[in-house]
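Student: Sequence:
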Amino acid sequence: MEYNYRDIEKKWQKEWKESGVYHVSNSSPKPKFYVLDMFPYPSGAGLHVGHPLGYIASDIYARYKRLKGFNVLHPMGYDSFGLPAEQYALETGQHPAVTTEKNIETFRQQLENIGFSFDWSREVRTSDPSYYKWTQWIFLQIFNSWFDKKENKARSIEDLIEIFEQTGNIADNGQRQTQREFSANEWKNYSDDEKQELLMDYRLAYSAFGEVNWCEALGTVLANDEVVNGASERGGHPVVKKKMRQWYMRITDYAERLLDGLEQVDFSDAMKEMQRNWIGRSEGAEMEFILTPSLSAGGEGDAPRKIKVYTTRPDTIFGVDFMVLAPEHELVKDIVTEAQRPAIDEYLTYVKSRSDRERMAEVKQITGCFTGAYALNPFDGKEIPVWIAEYVLAGYGTGAIMAVPCGDQRDFDFAKHFNIPITNIIGDYFNGEEANPTKEATLTNSGFLNGVKMKDAIEIANEKIEEKGIGHRKVNYKMRDAGFSRQRYWGEPFPIIYKNGVAHPVDIKELPVELPHVENYSAGPEAQSPLANITEWVDIANGEKRETNTMPGYAGSSWYFLRYMDPHNNEEFADKKATDYWNQVDVYVGGTEHAVGHLLYSRMWTKVLCDLGYVNFDEPFKRLVNQGMITGNSYFVTGFYAFKLEKNIDDLEIDPLDRKRFGEFLISIENINTGFSTIFQLNGEDYRVEDISEYQKTRVRYAHLFIDSKDRLTKQNLIKAFELDNLSSVAIYEKLNYIFWDGKTENGEEFIQCSHEVEKMSKSKYNTVNPNDLIDKYGADTFRMYEMFLGPVEQSKPWDTKGIEGVHRFLKKLWRLFFDETKGPIWTTLAPSPLERAGGEASPEELKVLHKAIKKIGEDTERFSYNTAVSAFMVCVNELTDLKCHKKEILEPLLILLAPYAPHIAEELYHQLGNNTTIIDAHYPKLETKYLIESEKEYPVSINGKMRTTITLPLDVQQIEVEKIALDNEVVKKWIEDKPVRKIIFVKGKMINIVV
RNA sequence: GCGCAUGUGGUGAAAUUGGUAGACACGUCAGACUUAGGAUCUGAUGCCGUAAGGUGUGGGGGUUCGAGUCCCUCCAUGCGCACCA
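Using my numbering, the final residue of the first sequence is 980, and nothing's skipped along the way.
Rather than coming from a laboratory, the hints here were simulated on the basis of the structure.
Source: prediction; values computed, not measured.
C-beta atoms are modelled at their ideal positions from N, C-alpha and C, and glycine is treated no differently.
Do not rely on the hints blindly, as some may be mistaken.
[Said to hold, decoys possible] Taking lysine-lysine and the DSBU-like style, the derived pairs with C-alpha atoms no more than 30 Å apart in a straight line are:
1) K133 <-> K336
2) K910 <-> K52
3) K832 <-> K761
4) K172 <-> K290
5) K52 <-> K225
6) K134 <-> K336
7) K227 <-> K366
8) K256 <-> K179
9) K872 <-> K832
10) K336 <-> K317
11) K832 <-> K256
12) K290 <-> K133
13) K529 <-> K560
[Unchecked claim] Pair ranges (Cβ atoms, derived):
14) K483 <-> G453: 44 to 54 Å
15) N862 <-> P828: 15 to 25 Å
16) E829 <-> M931: 26 to 36 Å
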């Protein structure tokens, strides 16, 4: 009987599905365990080999925990709202719901092929009205909350209204940037609309005018984490700043708790560091500099104008040589002198003309302009010139800085560039060539701080600043409130209605606010969402209008892990009993790419829900395991070559989603023989031969090519490839005139040189491998084990199918322990001959092999070291083969060990052995250490730390004299002959070291 | 620039606490069985050397009886952040 993985896998997948063995109940006497995967966005591309890595890892863990006697929640669902589906709809007119449904089917089929143990009865889809009803409901809870800084938690907005009615917001003490301060009486006299407007400054979900990241190509605003280097993360389209009314999550209020919470969770240091970095906490002081008297606000008697700055280094106050305002700073127009006004206006025009992208790209370029105004150093009264410059950001701190050129490189460069004299306050630490940000220096030229070490001076300066009443200590965060609205169709509608232009929540009884059907997905008037076009939906009675924005992609994913606990509940987002029972996610497996997006948002939402009493835990994920990315090999062409386009790239029919990174367009040539992809990169412009030299890399997509050499593409081969390619995308090439050469080489052959680069696997790079192909060839069990065998789960690694044969061989070898090709079943429950012990009783060697595996595999599984666990299986099967062990007593426990890794073959053989229940009902084999203990052990003996020989001793020997060892060991005898022995060291029962 | 990782054979990688470096697998070589082998099995395989032996975990230095592991320093690669005051 052969190992027929196709039939076996099909049979058991069907069986598991029909019997629902993986369905899990919310009540069980067993302890609970929650193993969660980051649910996928069902893209049209389907799964590639990189996707399942984390799913397999978590599935192994879930299956392992079940066998260990836990009630395991291991669900899966789909993050089915999102931009790509809508972009696709725009192009094809297909409703996103339809394409999403289709994509989910593909995903589901691919996932089922791999044999996961998900409880599909708990599947969630964020685009399902019965799901987003609760997304909207949670949004309203957040909308109806404010953050009490004294209690450091969210509270109901009703509580705040009560406070306002009693004391107004004066007691608030300027903690919140509100439109105005008011007393209780004033509050009571405000109209309802005014009250609502004021409350908006407090709500945790609020709408406000603000600068947003506007992406014209996608027709929507984006959150900060969705913008990478001035371009949209998805699609790589340019992003500009724009003032718009938007919804926000007041995540900044949770900055401190999001930081503190990291102490309690088991995330990797890198992940924690990334989150800390994103939150960007810094301690410092805010202080005011008075502008010279001539610049007081109005006439003689008015209070002088002040510039408020933020600094983390108040100790350097005497080193301030100039001040810089962000060009957008509101004070600029007031303080500029007549003489400087033309220069300033010119500079402002220049700044406005520059996109964020340019600003970021040209960081090194130093620009700025003197305002003509001077500020006074509050301690020594020195006059300090005030400049404006791009390098100071309006959005951070106060939008103004005190510049200390001897301590800050940017300030130093600026001072050098504009010839501003530099004061040295750090003595020898400053060499005049570059700034030195040290804290070790002893201050000089620093008034009352002279002779004080900078480290200590910070505290002294802070005290002095507060004492003089010119400022106070302040903690700042880089993180901003998260933009929460999108001008798109395919997302959750806001449960918000405008009455007289004031936002009101929809009555909870009316949820969900369903997404209406539209015929046309293009933007509404004035860059509004497509929903704005459906007037019959927008306009309710009495001039009331619906909010037409939709929620961003991270809305639904910020709480889905809670919905799995009670997915069919129509009364609540989840029964409190269910959330109490399942509690935190014990193990969360997913990629690092969500470090600052999804993970922060879900942590915040959980904290809000916890503050409001809906759940009992305020960190959603107890332990996070980041699977590494599986990278693909992309081969780049590095020689000279050229493509000439007859048409502008914009006229080519290319899926816009594939046009990553600003119109570059990608073509890959796949070498099917070797499994490598060869990729060229073609800039998205018409270009001619002479332009080529500046392009180091060029990609070509979609031409399938058969070549023998993996580093050489000949011109002829490439032409052949274009001819051979019968994919639809060939259409693109028919519009291309390709010319490429160089290569004048040894034998005059024209060729293109390739170098290869390892990058993230993605459809647009054409370096993906579909798991179905591998499963078809080797089976799901082989695929699962191979993905784990590849290396540590947490590590990124290039995909390479070379080693898969080895894993497949292992499974076949395992099969042969049970079946002989000709004889059929060969396992024994009774001794086959009188010479062997009766009853199938296993020998000590066999038991040792088994229990060694139980120990090693159990430990490895526990710590997610799956690659070494797979190795341990191989060792075990090799040893059993050598021992010719076919005893059920040994083989059955081995199958249970194997079941998490290769569930199909384990299940099949388990049944072949005569079991009638599925393996899920089995118990993980108990480790009997007694089988591992030996009475004697061979110890390595080293002399002076160098391994020389071995010696066999009884196990219980803790100490031994050198002379005794020397008695029957020639090597030791020789070594100690004429030398005095200093000491002998017995190391942890592992080895013996003799020092002579 | 700042922060965080990681550097071990031809390749993917093991080595849980400082204790026989290279488990396991790929690849390669040799052999067996075969009409055949892209099936299966056996053996060899870090490097230098016929061998004895020497040498070896990015480079240099240190601690230790003993270092892949700890400390210092330099180098390389990857990831994250990036005018954040």
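Student: If a hint holds in the structure, say so; if it doesn't, say that too.
Tutor: Structure-based check of each hint:
1. K133 <-> K336: The hint is violated at about 37 Å.
2. K910 <-> K52: Judged against 30 Å, a Cα distance of about 10 Å means the pair holds.
3. K832 <-> K761: Judged against 30 Å, a Cα distance of about 35 Å means the pair is violated.
4. K172 <-> K290: violated (34 Å)
5. K52 <-> K225: violated (54 Å)
6. K134 <-> K336: Roughly 41 Å between the alpha carbons, so the hint for K134 and K336 is violated.
7. K227 <-> K366: violated (38 Å)
8. K256 <-> K179: It is violated: about 40 Å lies between the C-alpha atoms, which goes past 30 Å.
9. K872 <-> K832: holds (15 Å)
10. K336 <-> K317: Holds - the C-alpha atoms of K317 and K336 are around 15 Å apart, at most 30 Å.
11. K832 <-> K256: Roughly 42 Å between the alpha carbons, so the hint for K832 and K256 is violated.
12. K290 <-> K133: holds (28 Å)
13. K529 <-> K560: Given pair K529, K560 is violated - Cα atoms ~34 Å apart, limit 30 Å.
14. K483 <-> G453: 44 to 54 Å: holds (45 Å)
15. N862 <-> P828: 15 to 25 Å: Holds: the Cβ-Cβ distance is about 18 Å, inside 15 to 25 Å.
16. E829 <-> M931: 26 to 36 Å: Distance hint for E829, M931 holds at roughly 27 Å.
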